[in-house]
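S.K.: The whole structure should be built from the sequences, with the hints applied where relevant.
For the protein sequence lines, the chains are A and B, in the order given.
Residue numbers for the first sequence follow our numbering, beginning at 1 and rising by one.
Residue numbers for the second sequence follow our numbering, beginning at 1001 and rising by one.
Source of the hints: derived by calculation from the structure; they are not laboratory data.
Incorrect hints may appear among the rest.
[Claimed, not checked] Have a look at the derived ranges for each label pair, beta carbon to beta carbon:
#, chain 1, residue 1, chain 2, residue 2, range
1, A, D2, B, P1137, 51 to 57 Å
2, B, E1225, A, M1, 47 to 53 Å
3, B, P1137, A, H347, 39 to 45 Å
Ideal Cβ placement from N, Cα and C applies to all residues, glycine included.
There are 2 protein chains.
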Amino acid sequence: MDGNAIVITGGILHDNHAKTTHGLIRGSSRYNIVGVIDENHAGKDAGEVIDGKNAGVAVYSSIDDFKTNGAEQAQYCIIGVATKGGTIPPQMQEDITKAIDCGYAIVNGLHEFVSDIPHLRDKAREKGVELIDIRKPRPKSELEFWSGRIKTVNCPVIAVLGTDCALGKRTTAIWVREGLVKEGVKAEMVYTGQTGWLGGYKYGFIFDSTYNDFISGEIENAVVECYENEHPEVILLEGQSSLRNPSGPCGSEFIVSGEAKGVILQHAPARTKFTGLEDIDNDIPTLKDEIALIKMYGAETIAVTLNSTDLSPEQGLEWKRKYEEELGIPVILPLEEGVSGIMPAVHNYINNFKK
Amino acid sequence: MDGNAIVITGGILHDNHAKTTHGLIRGSSRYNIVGVIDENHAGKDAGEVIDGKNAGVAVYSSIDDFKTNGAEQAQYCIIGVATKGGTIPPQMQEDITKAIDCGYAIVNGLHEFVSDIPHLRDKAREKGVELIDIRKPRPKSELEFWSGRIKTVNCPVIAVLGTDCALGKRTTAIWVREGLVKEGVKAEMVYTGQTGWLGGYKYGFIFDSTYNDFISGEIENAVVECYENEHPEVILLEGQSSLRNPSGPCGSEFIVSGEAKGVILQHAPARTKFTGLEDIDNDIPTLKDEIALIKMYGAETIAVTLNSTDLSPEQGLEWKRKYEEELGIPVILPLEEGVSGIMPAVHNYINNFKK
Chain A
1 MDGNAIVITG GILHDNHAKT THGLIRGSSR YNIVGVIDEN HAGKDAGEVI
51 DGKNAGVAVY SSIDDFKTNG AEQAQYCIIG VATKGGTIPP QMQEDITKAI
101 DCGYAIVNGL HEFVSDIPHL RDKAREKGVE LIDIRKPRPK SELEFWSGRI
151 KTVNCPVIAV LGTDCALGKR TTAIWVREGL VKEGVKAEMV YTGQTGWLGG
201 YKYGFIFDST YNDFISGEIE NAVVECYENE HPEVILLEGQ SSLRNPSGPC
251 GSEFIVSGEA KGVILQHAPA RTKFTGLEDI DNDIPTLKDE IALIKMYGAE
301 TIAVTLNSTD LSPEQGLEWK RKYEEELGIP VILPLEEGVS GIMPAVHNYI
351 NNFKK
Chain B
1001 MDGNAIVITG GILHDNHAKT THGLIRGSSR YNIVGVIDEN HAGKDAGEVI
1051 DGKNAGVAVY SSIDDFKTNG AEQAQYCIIG VATKGGTIPP QMQEDITKAI
1101 DCGYAIVNGL HEFVSDIPHL RDKAREKGVE LIDIRKPRPK SELEFWSGRI
1151 KTVNCPVIAV LGTDCALGKR TTAIWVREGL VKEGVKAEMV YTGQTGWLGG
1201 YKYGFIFDST YNDFISGEIE NAVVECYENE HPEVILLEGQ SSLRNPSGPC
1251 GSEFIVSGEA KGVILQHAPA RTKFTGLEDI DNDIPTLKDE IALIKMYGAE
1301 TIAVTLNSTD LSPEQGLEWK RKYEEELGIP VILPLEEGVS GIMPAVHNYI
1351 NNFKK
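M.R.: Following this line, the structure appears as structure tokens:
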């Protein structure tokens, strides 16, 4: 554990754009979250705001409010939102300035780096405060090319892919892993997003801020390191975006370079257009078609997990039945029913795995 | 034209690892190539070494030899080889030091930057010489996210993809473009590799040194800029690597984000393993299977172009006949017969294009 942290959310703690914060509130082994700073939700519990379940994390109206009324003090201040274009909005810079004044190290997962903003960089230097820009690419000399070492990994790798971005791939991967661990299976997860890093997972890298040429080698390296150090029975590999999302088609790398021969596929039945591209004439492909594409890359879809956004409970169950009938594999609604419904299929896949 | 340039090849001008140089010798509108420095081929014509055709570019044994005997002087020195891991080998650093001493600006397309090597950086500073590291990523503030602007491009985009890397995609794209231009078709090419930049093409970016998150937006932006400024009837889009090459699976981005609905597919029949990964148990997929995968992404394969490496002329023609029969589309051997054989199919595709 690195230490105690507050999270600043600029008034949108309730929103999907604060999903970094939602992940942190649901659990981080890197930071102990001791408060959220959000003037629109001050006085509430952060968990109550996110999903109605108390998380024991209070929301404060300002950093001053936290300093005065917080039960514990903090060493870190995490920027807990995604913004359009990945920039740091001016109003958020005020909070960051305040946090630097308080001596908190700044943790930033946005595309724009705090260390690239002159007045913040200068202030941090003056105060001796560390600026942690998570997405700052590592030097090329530390990055790996794909070498084929993946062939030495002698346990199944299951990628959690999706038909769109931002529909719950990471959460599903975490839950499936936890479910397996509870049942006594030595399961590990390899993260590929900044939230995974924030959550304290040990193996992985940040996909979208890596130079394209090193993506395949970094996937391989993360899986191989995880395998060699932990000797797991199965590795869950967090996917990114989707195979045919025009704003960032990916997914084949996890199968081809990470040798994930099994896939759990996340899908939101109520979504017809890709997130953020609702006005653009590209439809999200059907599950059946996506599974066929995944098969062409050499992987088997073990199970489907549904995101129930904009569905009534009845509609959710209807889609589940419809897909199970159409696809002949288990289909679940993780948020509503947990992941136990796909565990037999996952166990079966692990037990029958042959390199 | 930026100016006169020499190219240093460290003794391997004849080799596929000097393909950057081969491209420059075959034609660059950015640099006028006035000499190649290669002690193993000194005294010959560079074109004769590469493909037996005189290119009017002499090979010199050293930079001193060039300075004494070259017909023209140079302002640039281009590093004309690819190296394992993209590093600058120590023996090459001697030539670079010498070039800086001569006042030549250094042009480097390798992953390792000349400006990151302290003694070269210091010497360049001292001599007032420019270091041009082509692969140095542009600042994020200058990079584009995918926005859907591609929908305004109202001409066909044809991607030249391949079943492996390093088998002639760029050359085929250039030749098809030139063939169309000769026939009076306004055709443009968008490059995606460093050799395209070196060749002086106006629209494009360097795929493999771009942060993953910006790949889709940079493809879109290059195609849109080319379309808006040049009003072409067709855009040829240079592909990279291949869809299922584990060391860098890509190709779907050109179709999905660049909206290349037509594909010319380059293939080397004698190759069964991916380049550089000959000992690894991943076979290059069959052409039929690759065309099916391309179709799943929404693009039609218009024609196949064959790389004849390790084939006798008879074997080349046999593969051509076999594939034409199997696939029902034109198949040619560009190096042996030029690209005229696929021109009717390309014209047909352009004429029938509907957005």
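S.K.: Using the Cβ atoms, figure out if E1225/B sits within 47 to 53 Å of M1/A.
M.R.: holds, 48 Å
S.K.: Regarding D2/A and P1137/B, is the given constraint of 51 to 57 Å on their beta-carbon distance met?
M.R.: violated, 29 Å
S.K.: Regarding P1137/B and H347/A, is the given constraint of 39 to 45 Å on their beta-carbon distance met?
M.R.: Since the Cβ atoms of P1137/B and H347/A sit about 44 Å apart, the hinted range of 39 to 45 Å holds.
Comparing the model with each earlier hint shows a violation of hint 1 alone; every other hint is respected.
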